[in-house]
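There are 2 protein chains.
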Amino acid sequence: MNKLEIFPVKGFPEVTEGADIGSLLLAAARSSRLELRDGDAIVIKQKIVSKAEGRLVLLRRVKPSAKAKKLAGEQGKDPRLVELILREAVRVVRAGHGVIITETRHGLVCANSGVDRSNVSEGYAALLPVDPDASARRIRKGIEAVTGKKVAVIVSDTFGRPWRKGQTDVAIGCSGIDPLFSYRGKVDRYGYELRVTEPAVADELAGAAELATGKLSRIPAAVVRGATFTRREVAIRSIAIEKEKDLFR
Amino acid sequence: MNKLEIFPVKGFPEVTEGADIGSLLLAAARSSRLELRDGDAIVIKQKIVSKAEGRLVLLRRVKPSAKAKKLAGEQGKDPRLVELILREAVRVVRAGHGVIITETRHGLVCANSGVDRSNVSEGYAALLPVDPDASARRIRKGIEAVTGKKVAVIVSDTFGRPWRKGQTDVAIGCSGIDPLFSYRGKVDRYGYELRVTEPAVADELAGAAELATGKLSRIPAAVVRGATFTRREVAIRSIAIEKEKDLFR
Numbered sequence: 013m014n015k016l017e018i019f020p021v022k023g024f025p026e027v028t029e030g031a032d033i034g035s036l037l038l039a040a041a042r043s044s045r046l047e048l049r050d051g052d053a054i055v056i057k058q059k060i061v062s063k064a065e066g067r068l069v070l071l072r073r074v075k076p077s078a079k080a081k082k083l084a085g086e087q088g089k090d091p092r093l094v095e096l097i098l099r100e101a102v103r104v105v106r107a108g109h110g111v112i113i114t115e116t117r118h119g120l121v122c123a124n125s126g127v128d129r130s131n132v133s134e135g136y137a138a139l140l141p142v143d144p145d146a147s148a149r150r151i152r153k154g155i156e157a158v159t160g161k162k163v164a165v166i167v168s169d170t171f172g173r174p175w176r177k178g179q180t181d182v183a184i185g186c187s188g189i190d191p192l193f194s195y196r197g198k199v200d201r202y203g204y205e206l207r208v209t210e211p212a213v214a215d216e217l218a219g220a221a222e223l224a225t226g227k228l229s230r231i232p233a234a235v236v237r238g239a240t241f242t243r244r245e246v247a248i249r250s251i252a253i254e255k256e257k258d259l260f261r
Numbered sequence: 013m014n015k016l017e018i019f020p021v022k023g024f025p026e027v028t029e030g031a032d033i034g035s036l037l038l039a040a041a042r043s044s045r046l047e048l049r050d051g052d053a054i055v056i057k058q059k060i061v062s063k064a065e066g067r068l069v070l071l072r073r074v075k076p077s078a079k080a081k082k083l084a085g086e087q088g089k090d091p092r093l094v095e096l097i098l099r100e101a102v103r104v105v106r107a108g109h110g111v112i113i114t115e116t117r118h119g120l121v122c123a124n125s126g127v128d129r130s131n132v133s134e135g136y137a138a139l140l141p142v143d144p145d146a147s148a149r150r151i152r153k154g155i156e157a158v159t160g161k162k163v164a165v166i167v168s169d170t171f172g173r174p175w176r177k178g179q180t181d182v183a184i185g186c187s188g189i190d191p192l193f194s195y196r197g198k199v200d201r202y203g204y205e206l207r208v209t210e211p212a213v214a215d216e217l218a219g220a221a222e223l224a225t226g227k228l229s230r231i232p233a234a235v236v237r238g239a240t241f242t243r244r245e246v247a248i249r250s251i252a253i254e255k256e257k258d259l260f261r
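Sequence order for the protein chains is A and B. Just add 12 to the spot in the first sequence (first one is 1) and you have the working numbering. Just add 12 to the spot in the second sequence (first one is 1) and you have the working numbering.
None of these hints come from the bench; they were simulated from the model. Hints may be right or wrong, so weigh each one.
All copies of an identical chain are treated as equivalent in the list; a pair is satisfied when it fits inside any one copy or across any two copies.
Said to hold, decoys possible - No more than 30 Å apart at the CA atoms, straight line, and that leaves these computed lysine-lysine pairs for DSSO-like:
1. K227 - K162
2. K81 - K177
3. K75 - K15
4. K22 - K79
5. K177 - K198
6. K177 - K257
7. K255 - K227
8. K81 - K255
9. K89 - K255
10. K153 - K75
11. K161 - K75
12. K198 - K89
13. K15 - K161
14. K89 - K15
15. K255 - K161
16. K22 - K153
17. K82 - K153
18. K162 - K255
19. K177 - K255
20. K89 - K161
Please read all numbers here as calculations on a predicted model, not as lab measurements.
My request is simple: use the sequences and hints to build the entire structure.
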């Protein structure tokens, strides 16, 4: 295993609807004298992807349903926000202590269906991209067409987790990378077979990128160089644990 | 935010009971010409810490209880292993599909109480350190005494997670770092107050280190340089979500 480097991609402009994220990223990288290489993993925060895809909603235009009003009252939240959360969800997994955990249409289990008001204009909320794997694929293809380099693209978001405070950035979409790296059938140096070891490299890359971008620095992307992963199209939605095997529904 | 670098620490010998992990790490770093600096975060895999602390158990000496035998039968596991899992646990959170999720004495919720047979001699199982925060503190103090550099030490292990396949490396003990970086009360550039944003930097560092070490390369540690964190003694056990606020018990 070799040294890894993580470069924050500075110099992004404000992203608006219709923006080509791949082009903006390449321009920002150029201005920081960062040249992409084969095998680089580019981690892009969901918020700018959502902005480029027009996934901002003006809250005062949202009419909350009776169900949203009830849940909002119980959890001390804005009913319009809860309405958006419910529209983005296929089910509410848990609600309590002011937190609403849902399963989204993409099969992601997270707080508030990923709907969030940080780093968007006042009065707006941002929804997750409709298909973050497709977003990642589009961005990857654009970058590869211009640079001729084979890269991975990960769209990341900040998720809490059960049992432990704090949040980590995880992959909500990816392209050019298998989100899991399989050691199945591999044997350790004592002869023991690793039967279940599949590091979630896309999530570890997303978390590593967060260390280089932070939350307030206007750096919506980072390039991770030197990581080992398998180049393959495997959607993040495909690594959701199947309903019948899920111990925490 | 600046560039991050992650250096795998190569050249560790086999770790045995009584070994001084800090000294071994410094010797290995020297042999790779890696000189520690102020602010470095050193991530060390749990397995070598457990070995140094004598936390290996010879499975044929373990007498499974009736409870362990029953659970082992239900989940298709070795009853002696299940006996160790139960001894290390304060409760079983879920069991099903061949998986036993427990809460350990440390307040960690994970598969098999962290008891595991990979990368140990045949016939043995490794238990987690008795107090991984104390292990991290001891190692940090040893390294700081020799080098005069202020570093963070994180003891990491590989945990699965609900809802999503694969595992990520997370912090099970730390010293010289607050495992959470708080943005509470900070305001984004649109004036929106971040009320709940606390990146779990210790976990993101552990996951980032995994990208540089892998599982089979005999590299049990990595040094992460350039990350922003707060130097403060905050135990990993203190970031467990309180029982009464936990939505997934």
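At most 30 Å between C-alpha atoms: does K227 with K162 qualify within a copy, between copies, both, or neither?
For K227 and K162, both the intra-copy (28 Å) and inter-copy (25 Å) Cα distances are at most 30 Å.
With 30 Å as the alpha-carbon cut-off, assign the pair K89 and K15 to within, between, both or neither.
Close neither inside one copy (45 Å) nor across copies (38 Å); limit 30 Å.
My question is about K15 and K161: at a cut-off of 30 Å on alpha-carbon distance, are they close within one copy, between copies, both, or neither?
Both ways: K15 and K161 sit 20 Å apart in one copy and 21 Å across, limit 30 Å.
Which holds for K177 with K198 at a C-alpha limit of 30 Å: within a copy, between copies, both or neither?
between (34 Å within a copy, 18 Å between copies)
Could you place K177 and K255 in one of the four classes (within, between, both, neither) given a Cα distance threshold of 30 Å?
Classified as both: same-chain Cα gap 25 Å, cross-chain 12 Å, threshold 30 Å.
30 Å Cα threshold - placement of K89 relative to K198:
between (48 Å within a copy, 20 Å between copies)
Pop the pair K22 and K153 into one bin, within, between, both or neither, using alpha-carbon distances up to 30 Å.
Cα proximity of K22 and K153: one copy only (21 Å, versus 36 Å across).
If the cut is 30 Å between Cα atoms, do K75 and K15 qualify within a copy, between copies, both or neither?
neither (52 Å within a copy, 45 Å between copies)
Tell me, please, which holds for K177 and K257 at an alpha-carbon limit of 30 Å: within, between, both or neither?
both (25 Å within a copy, 11 Å between copies)
Is the C-alpha distance from K162 to K255 at most 30 Å within one copy, between copies, in both cases, or in neither?
Cα proximity of K162 and K255: none, with 35 Å in one copy and 47 Å across.
At most 30 Å between CA atoms: does that hold for K161 and K75 within a copy, between copies, both, or neither?
Result: close neither inside a copy nor across copies, 46 Å intra and 57 Å inter.
Give the relationship of K153 and K75 under a CA distance limit of 30 Å: within one copy only, between copies only, both, or neither.
neither (38 Å within a copy, 58 Å between copies)
Hint violations for this structure: numbers 3, 4, 10, 11, 14, 15, 17, 18, 20, all remaining hints satisfied.
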